[in-house]
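Could you build the full structure based on these sequences and the hints that come with them?
These protein sequence lines are chains D and L, in that order. For the first sequence, this note's numbering begins at 57 and goes up steadily by one. For the second sequence, this note's numbering begins at 5 and goes up steadily by one.
Simulated from the structure, these hints should not be mistaken for laboratory data. Hints should not be assumed to be uniformly reliable.
[Unchecked claim] In silico EDC-like links for lysine to aspartate or glutamate, alpha-carbon gap of 20 Å or less:
{"no.": "1", "chain 1": "L", "residue 1": "Lys106", "chain 2": "D", "residue 2": "Asp245"}
{"no.": "2", "chain 1": "D", "residue 1": "Lys284", "chain 2": "D", "residue 2": "Asp195"}
{"no.": "3", "chain 1": "L", "residue 1": "Lys182", "chain 2": "L", "residue 2": "Glu195"}
{"no.": "4", "chain 1": "D", "residue 1": "Lys167", "chain 2": "L", "residue 2": "Glu108"}
{"no.": "5", "chain 1": "D", "residue 1": "Lys284", "chain 2": "D", "residue 2": "Asp196"}
{"no.": "6", "chain 1": "L", "residue 1": "Lys106", "chain 2": "L", "residue 2": "Glu195"}
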Amino acid sequence: MDKGLSGRAWGVGIAAVAILFILPAFLPRFYIYLISLIFVYGLLATSLNVVLGYGGVFQFHHCVFYGLGAYATALFLTKTGVPFVVSFIAGGVAAAVLSFLMGIITVRLSKLYFGMLQISLGSLVWAIVYRWYAFTGGDDGIHGISLPDIISSQKGAYYFTLSVTLISLFIIYKIIKSPFGSVLQGIRDNPVRSGMVGINVKRHILVALMIAGFFGGVAGSLFVVVDKTVFPDMLFWTLSLEVLIMCLIGGWFNFFGPMLGAAIVIALRTFVSGYTVYWALVYGIVMIFVIFFLPDGVLGYIQQKLKPAKGRVVAKEG
Amino acid sequence: MPVDAAWVLFSEKVLSQILVGLSRTTILFIVASGMSLILGVLRIPNVAHGSLYMIGAFMAYSVSRLFGGGSQGFWMALLLAPLGVAVLSFIAERALFQHLYKREHLMLLLLTFALSLIFGDLTKLVWGAEYKSVPVPQIFQGFVTIIAGFPLPLYNLFLLAVGPVVAVSLWLFVNKTKIGKISRAAAVDREMVSAVGINVSLVFAVVFVVGCFLAGLGGVLVAPTVSVTLGMDHTLIMEAFLIVIMGGLGNIWGALIGALIFGLSQSLGILIWPQFGIIFPYLAVVIVLMIKPTGLLKSTW
Chain D
57 MDKGLSGRAW
67 GVGIAAVAIL
77 FILPAFLPRF
87 YIYLISLIFV
97 YGLLATSLNV
107 VLGYGGVFQF
117 HHCVFYGLGA
127 YATALFLTKT
137 GVPFVVSFIA
147 GGVAAAVLSF
157 LMGIITVRLS
167 KLYFGMLQIS
177 LGSLVWAIVY
187 RWYAFTGGDD
197 GIHGISLPDI
207 ISSQKGAYYF
217 TLSVTLISLF
227 IIYKIIKSPF
237 GSVLQGIRDN
247 PVRSGMVGIN
257 VKRHILVALM
267 IAGFFGGVAG
277 SLFVVVDKTV
287 FPDMLFWTLS
297 LEVLIMCLIG
307 GWFNFFGPML
317 GAAIVIALRT
327 FVSGYTVYWA
337 LVYGIVMIFV
347 IFFLPDGVLG
357 YIQQKLKPAK
367 GRVVAKEG
Chain L
5 MPVDAAWVLF
15 SEKVLSQILV
25 GLSRTTILFI
35 VASGMSLILG
45 VLRIPNVAHG
55 SLYMIGAFMA
65 YSVSRLFGGG
75 SQGFWMALLL
85 APLGVAVLSF
95 IAERALFQHL
105 YKREHLMLLL
115 LTFALSLIFG
125 DLTKLVWGAE
135 YKSVPVPQIF
145 QGFVTIIAGF
155 PLPLYNLFLL
165 AVGPVVAVSL
175 WLFVNKTKIG
185 KISRAAAVDR
195 EMVSAVGINV
205 SLVFAVVFVV
215 GCFLAGLGGV
225 LVAPTVSVTL
235 GMDHTLIMEA
245 FLIVIMGGLG
255 NIWGALIGAL
265 IFGLSQSLGI
275 LIWPQFGIIF
285 PYLAVVIVLM
295 IKPTGLLKST
305 W
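Right under this line is the structure:
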């Protein structure tokens, strides 16, 4: 990443946030719901990017944290009488704990094996949630979760989701810009050298995994607020691949890339599925186009066009 | 009561469940061995493998209908459908994959996911969304009673015979043919192999096509035992992937052992604890990988 946001970027950002805050006054319900979903998936993809784009860790089953966060929040809300805030935070904490537990088992492994063991463990969690009817509702999931009055309306959920997403993005951004973030990128570029200069590589990756898991869980809890449902497909591995695609299309190695990718994917799917039942076909073709022609994603491409002269962090090859 | 439980474990019911589980294992092995081959040589975690299996099953339906739906139809399907899948994968490899081998594995993984989406929708486009069924050929329609009171379909026995045949053929292909030996060398050091004047790109294409052929073969073989439907790729692909990891990447015997562990823990798990039956295979994978993170058998490449 570059040194920080320029003045112009700040201007664009503040304008965008202001527009997002007044938008619900003009938009029909469906679009408010859609934009809320973009926040949820955008935060999920951004949290994945902490380990994938900045840490160079092959996290193939990230949505298991998203799903667990959602289930934790939903179960706290339906089975206990604790205040909403506690249930909400419990989602992130549960996901961070799971991420830590999966991390201590897998962190010693090399890239591809790491990703594979993560998938195996994630599938185990999915299988438990999918079958534990008495506790998680099994394959039916949990529907009609009641929320506090303030956020139970569509607009309330929208503002809540927007605020939490912005705060989370700000925190993740600060982490990435901190010395910890720099060390993480050093590990991505060359783990062996980072180890030699005295950095505890495993511990740094473990912390990064927990951060990613926490915010993935928060995204899951936000989904509960937006949709008032949880279902086992939220932990199924195909969703993890979709989140990877969001990062790919928007551009990893790029802070706002995953957010943009989530917006593109959700918009694309919604509008294409309005015209044809074969939206997956269109989706696949778009993905192949991005893989071949925009390897740094849409945002990476735009940045390249905006400042061709400056040295840009290029996606690692090979 | 523990004594009762111990007795149940050795009852006829368990033995018959093992036999049923073994025929499921055969399908898993055939699909997973193809995947293992591709993963070992080309380093592609091929998510589209499940879609090719599904297309194989749908092609089996069409071919067997074309030839009258009887035994003859089944044999023609067994011959033609995997070939059809092989042609499809050859086109995909030449048009797309070969340009990406030098990039990150992640890009290849995402490309295969894109292809699985495209293949899924193409299947829907060509065959429609309805369930299809492929009849069991006449000669395999009876039952045999190996264990008193639990008749086993003849077709399952046929599957049990096919598994070892595939395993041995694949082992011969990888270890005894020239192209198999080159592919193993190329997996380790691609530059070196191409420096001695071998067209590595073509070798990779052949290995990819052989792997996908096996996916198609699995699809044809499973078709008479299940209803052929969209979405049959999703459950299978994860299982095949876990089997490959458990056995050790690129190791055919590893895929066999992995498939045995997976299939048997599934069929026996259902007996022990019906509600959580599906958890046992996943648990087995996790336990194996915690003890041996790189898989049970040595990765041969």
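- Message: Check the hint pairing Lys284 (chain D) with Asp195 (chain D) against an upper bound of 20 Å on the C-alpha distance.
- Response: The given pair, whose Cα atoms are some 16 Å apart, holds under the 20 Å limit.
- Given hint Glu195 (chain L) paired with Lys106 (chain L) - CA-CA distance at most 20 Å: Status holds; Cα separation ~11 Å.
- Message: Lys167 (chain D) and Glu108 (chain L) were given as a pair; does the straight-line alpha-carbon distance stay at or below 20 Å?
- Response: 11 Å, holds
- Given the proposed pairing of Lys106 (chain L) with Asp245 (chain D), does the C-alpha separation stay at or below 20 Å? 17 Å, holds
- Query: Is it true that the CA of Lys182 (chain L) sits at most 20 Å from the CA of Glu195 (chain L)?
  - Reply: 18 Å, holds
- Message: Can you confirm whether the C-alpha distance between Lys284 (chain D) and Asp196 (chain D) stays at or below 20 Å?
- Response: Holds. Lys284 (chain D) to Asp196 (chain D) sits at ~14 Å (cutoff 20 Å).
Hint violations for this structure: none, all hints satisfied.
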